[in-house]
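Student: Sequences listed follow chains A and B, in order.
Note that the numbering used here has the first sequence beginning at 497, numbered continuously upward.
Note that the numbering used here has the second sequence beginning at 124, numbered continuously upward.
I should point out that these hints are in silico values taken from the structure, not numbers from a laboratory.
Ideal Cβ placement from N, Cα and C applies to all residues, glycine included.
All clues given are correct.
List time: in silico BS3-like cross-link candidates among lysine-lysine, alpha-carbon distance up to 25 Å: (1) K141(B) / K927(A); (2) K138(B) / K793(A); (3) K257(B) / K819(A); (4) K206(B) / K819(A); (5) K141(B) / K799(A); (6) K799(A) / K167(B); (7) K793(A) / K881(A); (8) K138(B) / K833(A).
Residues on chain A that point at chain B, a partial pick, calculated with CB under 8 Å: (9) Q522; (10) E739; (11) M743; (12) R816; (13) L828; (14) R829.
Stretches of chain A that chain B covers, calculated by requiring three or more beta carbons in the stretch to come under 8 Å of a beta carbon on chain B: (15) 544-556; (16) 559-571; (17) 748-761.
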Amino acid sequence: MAISAATKAATDALAVNRAPVSVGAQEVHRWMQSFTWDFEKNRTKYSTKYKMANDTKEQFKLIAKEYARMESVKDERQFGSLQDVLTRVDAANRVHPKWNESMKVISNFLEVGEYNAIAATGMLWDSATAPEQKNGYLGQVLDEIRHTNQCGYINYYFAKQGQDAAGHNDARRTRAIGPLWKGMKRVFSDGFISGDAVECSINLQLVGEACFTNPLIVAVTEWASANGDEMTPTVFLSIETDELRHMANGYQTVVSIANDAAASKYLNTDLNNAFWTQQKYFTPVLGMMFEYGSHFKVEPWVKTWNRWVYEDWGGIWIGRLGKYGVQSPASLRDAKKDAYWAHHDLFMIAYALWPTGFFRLTLPTAEEAEWYEANYPGWYDMYGKVYEEWKARGCEDPNSGFLPLQWFIENNHPIYIDRVSQVPFCPSYCKGASTLRVLEFNGKKHSFSDQWGERMWLSEPERYECQNIWEQYEGRELSEVIAEGHGVRSDGKTLISQPHTNKDGRLWTLDDIKKINCVFSDPLKAL
Amino acid sequence: MTTSSNAYGAGIMAKTGKAFADEYFSEENQTVHESNEVVLVLKKSDEINSVVHEILLGDRKADNPTLIVEDRAGYWWLKATGKIEIDCTEVSELLGKHFSVYDLLVDVSSTIGRAYTLGETFTITSELMGLDVKLQDLQTA
Chain A
497 MAISAATKAA TDALAVNRAP VSVGAQEVHR WMQSFTWDFE KNRTKYSTKY KMANDTKEQF
557 KLIAKEYARM ESVKDERQFG SLQDVLTRVD AANRVHPKWN ESMKVISNFL EVGEYNAIAA
617 TGMLWDSATA PEQKNGYLGQ VLDEIRHTNQ CGYINYYFAK QGQDAAGHND ARRTRAIGPL
677 WKGMKRVFSD GFISGDAVEC SINLQLVGEA CFTNPLIVAV TEWASANGDE MTPTVFLSIE
737 TDELRHMANG YQTVVSIAND AAASKYLNTD LNNAFWTQQK YFTPVLGMMF EYGSHFKVEP
797 WVKTWNRWVY EDWGGIWIGR LGKYGVQSPA SLRDAKKDAY WAHHDLFMIA YALWPTGFFR
857 LTLPTAEEAE WYEANYPGWY DMYGKVYEEW KARGCEDPNS GFLPLQWFIE NNHPIYIDRV
917 SQVPFCPSYC KGASTLRVLE FNGKKHSFSD QWGERMWLSE PERYECQNIW EQYEGRELSE
977 VIAEGHGVRS DGKTLISQPH TNKDGRLWTL DDIKKINCVF SDPLKAL
Chain B
124 MTTSSNAYGA GIMAKTGKAF ADEYFSEENQ TVHESNEVVL VLKKSDEINS VVHEILLGDR
184 KADNPTLIVE DRAGYWWLKA TGKIEIDCTE VSELLGKHFS VYDLLVDVSS TIGRAYTLGE
244 TFTITSELMG LDVKLQDLQT A
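Let the hints inform the model, and build the full structure from the sequences given.
Tutor: Right, here's the structure in full:
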């Protein structure tokens, strides 16, 4: 009777390398690698233009037993802390109200990224041919499932134990109207799971994880602690204990293609596209959440970005790979400009569009305005004086009849949405790297904020067909759209989002919005 | 206060306002510069705090004079030139219980550089493992 290829492989391996009987995990790991699996008939959802070598290593030599033991210890520590001491000291109610709102965004959005990373790493498992590389990707699939649960749990914990649950619970129901959702899906979903498998790895592992998880999951814990939040460090630092293996997976993906001729043709373009895709969203959104969503500041966002993104990721990951032909991303200059200014631009627009969100925003206090001006010279003349005007017009008060969006309309500063990143921008009132470009395709106009996205769109315009909120709700009145998009609390009339975090301040309702008669219009129609 | 170039607030990070902006936007800083440093983030815990205080800043401090360790609330931030190594057999002796390299990984939160394990040693290095230097498997007798 014929034996299977796997049985024969095991028999042959045992003949040259007996299975150890009293062993450490790495002896087992070495033994298992002598199984020479045949992956010639691999099938993948999306193939890759690169040829991945079949001798790539997994840097931590993990076997399932040690993996499971490690992860169970992490979970015991995390859930033990949350359910015991942090609940006992009422930690969720010690969080500053502004930061409580930031975590509605950060954890809900990260959950989406983790969920899509499950599919992304499954696709990479399909694509790789090296057994150890597959082992690394498989561990990552399991990690991403754990992270999805962790992110969901922290919002559940905040909603159950803390203050103002609306937005921590069921944030997704606002995904059609919230202007930050679609851009988040571009970086956290489309960029990870659609297209060439190695390109997806560059987006997810080499840029998303090796670069942006450091501010998103590590540095954020400092901001959290400074603002009274001890739940987020407990969970996020535990999430990050898996990310080092993901970064190694991304690096080994590059190792696996380093000697492929296609690498010299395509890698720098793919790296630049991935860097721009990820930074275009993460840079302004994280900066906005850290600085405008906190009361106590740790350091200017641009310094956090300069350390983790430019100096360390740029120098230690990308710079060191220079001798293998990897170049500094061509879009770095624009990215640096964005790191200094784009979060200020985005906050201004986010505050103007606050009724469409699922979290509460607060304008800077006088003390904060001083901090901004000291760290970003020129901030007051561009942003601070506008916020003073908005406050004077009663932007926080439902009786004022004033939405900051009106200020943009009155001053002829149309807000466009970048077709590729889905990030809103106002080209006539911004200091970041955005400039307006408009192209027509199939009888429809498309706006772009930069040359990098425009180039990506030109190479595959059919990829970026997602409708933005202006196109989707053209001609519709705002309160109707909010009601239709589930942007209200359980009473059916009070908005989830609010333009203040004042516990004694009145909350806006659909009726307050309706009185203003704000109607959606697509600025591209006027061009 | 440390004057090491590896410190969290070293170099441009010590500047504020216009001085920071001038250097940040200077022409030479519009491309990445190769760095021989490594960064390690360790989640604070009973065991990790002992590793930091008793080994990295204790018995082994002289082995790696470039190493900087900073307290960043929930985690320790470490930066060194070349590499950082932690031998978990030493940690076992310190703690008085078996502590494997996988026990260490429970609280290793982030790495910038090439991190790997070999036996009971955890290493993060600026070397390009798998490209310039072969990644070794455990060798047993």
